[in-house]
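Guided by the hints, dock chains B, C and D onto chain A, whose structure is given.
There are 4 protein chains.
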Amino acid sequence: MLLRIGYDIQFEFPASAAMVALLHVHPSRSADLRAADDLRTEPTIATDPYVDSFGNRCTRFLAPKGLLRLTNSTLIYDSGLPDPVSPNAREVPVQDLPHDVLKYLINSRYCEVDRFSAIALELFGGVPPGWSRVQAVCDWIHSRVVFGYHHARPTKTALDVFTERVGVCRDFQHLAVTLCRALNIPARYATGYLGDIGVPVSPTPMDFSAWFEAYLEDRWWTFDARHNHPRIGRVLMATGRDASDVAITTSFGMADLRHFTIVTEQVPEDAPVSPDANMRR
Amino acid sequence: MLLRIGYDIQFEFPASAAMVALLHVHPSRSADLRAADDLRTEPTIATDPYVDSFGNRCTRFLAPKGLLRLTNSTLIYDSGLPDPVSPNAREVPVQDLPHDVLKYLINSRYCEVDRFSAIALELFGGVPPGWSRVQAVCDWIHSRVVFGYHHARPTKTALDVFTERVGVCRDFQHLAVTLCRALNIPARYATGYLGDIGVPVSPTPMDFSAWFEAYLEDRWWTFDARHNHPRIGRVLMATGRDASDVAITTSFGMADLRHFTIVTEQVPEDAPVSPDANMRR
Amino acid sequence: MLLRIGYDIQFEFPASAAMVALLHVHPSRSADLRAADDLRTEPTIATDPYVDSFGNRCTRFLAPKGLLRLTNSTLIYDSGLPDPVSPNAREVPVQDLPHDVLKYLINSRYCEVDRFSAIALELFGGVPPGWSRVQAVCDWIHSRVVFGYHHARPTKTALDVFTERVGVCRDFQHLAVTLCRALNIPARYATGYLGDIGVPVSPTPMDFSAWFEAYLEDRWWTFDARHNHPRIGRVLMATGRDASDVAITTSFGMADLRHFTIVTEQVPEDAPVSPDANMRR
Amino acid sequence: MLLRIGYDIQFEFPASAAMVALLHVHPSRSADLRAADDLRTEPTIATDPYVDSFGNRCTRFLAPKGLLRLTNSTLIYDSGLPDPVSPNAREVPVQDLPHDVLKYLINSRYCEVDRFSAIALELFGGVPPGWSRVQAVCDWIHSRVVFGYHHARPTKTALDVFTERVGVCRDFQHLAVTLCRALNIPARYATGYLGDIGVPVSPTPMDFSAWFEAYLEDRWWTFDARHNHPRIGRVLMATGRDASDVAITTSFGMADLRHFTIVTEQVPEDAPVSPDANMRR
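Residue numbers (our numbering), protein chains in the order written: chain A, 45 to 325; chain B, 45 to 325; chain C, 45 to 325; chain D, 45 to 325.
Honestly, the hints are just simulated from the structure, not real lab data.
Keep in mind that a hint or two might mislead.
Chain copies aren't distinguished; within one or between two, either way the pair holds.
DMTMM-like, lysine to aspartate or glutamate: derived pairs with alpha carbons at most 25 Å apart [claimed, not checked]:
| no. | residue 1 | residue 2 |
| --- | --- | --- |
| 1 | K147 | D81 |
| 2 | K109 | E86 |
| 3 | K200 | D92 |
| 4 | K200 | D262 |
| 5 | K200 | D314 |
| 6 | K147 | D76 |
| 7 | K109 | E135 |
| 8 | K200 | E313 |
| 9 | K147 | D82 |
| 10 | K200 | D82 |
| 11 | K147 | D96 |
| 12 | K109 | E166 |
| 13 | K109 | D314 |
| 14 | K200 | E166 |
| 15 | K109 | D158 |
Next up, chain A with everything else stripped away, as it sits in the complex (with noise of 0.2 Å):
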């Protein structure tokens, strides 16, 4: 299957201000793209691409004052599968863990783990643990938390999520990184593109998502406490502790967002490699 992915972001800076963008494909999807990743800038200026301490691409530059267009189309190929499900990976003792998975289990902004112990324990203690434990993490934020754009904001924790049970799929997965963190399973926080791929067209406009990933047996795994079932085509372009550290644009300054067009959609194996009209929108 061929994706074909990218954005139109504009901001308006009143000041020249530094920013650092996430918007590249995470390395671990590099060979699957049938075209360059490059974030390009209008009008031109000079970007600093770099990898940062989790593994994912970034850009980093400053941003003139006055209007600022970011831009990217590519292919990638995807295998057309769902996200992986395996019943019967098993938790691994924290003993066991590589060392560089241990930072998974901690605090972190948005995902308190300190103050969920005794939570996560009463609620899931009961649960064999492994994949299961996971999956009954997301069955319950899935059937206990609703869903609501207007119920975004930057400083919700997983605190808040747990008390006011209503948010934004950033949200849920906070919760369901949190309370695994506290069940000593390793979580991190995921974004990148999901189009509705095999699942009905969503009447509100396209945005990149967010899901999480569970360390369990040998590796990491997908899971998604917002929609909680298999999904086809994500494209993941980073991750890390929490929305913090994979925020797609992080801006050292002023900066007004004006538009925002995100596209993920199925295209023909020949598809040509140059941008859709839907990006001129």
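Below, chains B, C and D alone, put in the same frame as chain A:
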């Protein structure tokens, strides 16, 4: 100047549990060590040393049920000079910061940078940038927050410190780190040994201390919002985004602290390598 | 000046539920009413009027399963004068305050006075006490908090407003009330009708408004940290410690809001008593 | 049974400050008093008694600069019976509650009812309503929250107790009150004397105690989520929405506590009225 540093920490584990300890001298000080810096355990158990993603020396192990004693006593050379002061150190524009410094500008569990943007600018926006601004943050906190051991609690954040105005050393530094980051100055939490050298001896038992580092000009500089004057004889153990990243010990299961003694003292240049009697209390 | 005021509020109750409504003109304005101020229900159900401990007229009832419509339309005389301003009004020392005013100095759900002691003193301790200090609180909030309907949420406290700097009218007043109390100035939350009289007509649908009252000299005075200039035609409905005490409706069970229309408009002196057509939307 | 109750509380005031004290026996127990219940001050200053809006006896005064001593010692008759238990007490539907009880269903500073709706229903929705449900709340808290004096802090809310699982008696009751209200059961915070009568004598110094009352059937009943068994010899001083409403003393200005002794003890029926020697410590 020669310092003896060490600890005797004892836990009772009601059941076997994994533990991670940051109980070594930081690699940046390895060359100053005059004796081995090994974590000894009683009973002797297998331990697994590694370096975490922040560059800290860590040791992990599976603690058996029962009492576990962690000890160390080593010697380290110290210049005897107080923390360097460099009033002309410039603030580095975000776009010019090294890639790996950027992560010290964003949110972490105890440092809610996103909630301090307006507050930080109102309090310190009028202070000249660079060293003087970081110093102004330290002065402000030092004069307004009251120290008290009974004000410690594991879930206390920078915002709690800002409103309650009481805390222990970690709380002072969390608030300072958060305000610096909100001002676009990279700041990280530091922990280590800090003896009463060149200052009156404290009547309370020795503990590990927390301070913080701010990135100015071309390097990290030591600041300490609690003591707020240059000190002699700090021995760095670990740095991270906040106390969550550099907890002295993190236990994944129940662990009751039964004994806790820290030694940090100046010794004669010809002091023997073996642990001193004080450690046997 | 004659004002027509009223509402048409409709709820769908999935099951029978008790409800308390504060949908009457405040007793302090009863003499100004030119028509009955009755809460009508469709279907007609038994309602029980009473006065709560803050002196507000309340109505309680058991809403049946299904749609319930609450309407009212009445006429009230208004002086047409803007909110009184009295720059020389003195602050009353706490020891001289009337007994029943003391409760407006302490904490309430959305007003964490205990967390604002230091902050309030730092920001306003240098302003002369009395009217000018309350006005300084309003000026500060008015210039630093940005209004936006999408920033409303039921759990938002004064501290949230202080850090997030965005909110709806209730949020502006909660922060003002909290800062006043922290300065030992009694303050209470007020809610009622506020039409666009003497000001440009707002393009958004009419809603009830929130303001606050501060006790100075020998009485309560109206302040409004959101609009921050004297307004014509406020019709007080209720006062309390914060929005929890004076929610327009409180439902003890599920209630889905289906329709919400408020009318506040100047009418000719000979306007008929019956509801105007606008209410039928 | 005859009880001697009293206190010796001393504050140092760096400057004159207004103070409100709730240091009297509650009016509901006035008939049981066997001696005067007067707040004495040293030096002798003017005091102003009144009854607050919750029905509690209060005293207010302007404390002069310097040391102020508040003392009292009186005798009160007590039935000697433990707190009444009435397992069949019904829950009253909200629509049938007395008007003045409704206010004990809503939010207050330390009782964020709005954040506990879902949690309370999930934990206790399956327990039969009425006495058994309130008792289930007490059992849950009693078995999951650990008591410790060092866990006290003035800003701690029910949500903090729910996540931290440690606290002092006020914390246990705040969580219980909040859960009851979220279940539509009126609950209020209570404070008073509670001696070690019929139980082993506590080694810690006597303090005032907190418990709570829930409204069932046709009256308020005493519950205590900390001790969680019927006690003998409670002497009620005040009730309110939470600890903010019934602080033993509230100072509007600096006040340093210098001495704090409470007496609650059973005495012979012919005990003299004058204060006992213990008060002179």
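Problem set entry | Hints not upheld, ascending by number | Hint check: 3, 4, 5, 6, 8, 10, 13 fail, others pass.
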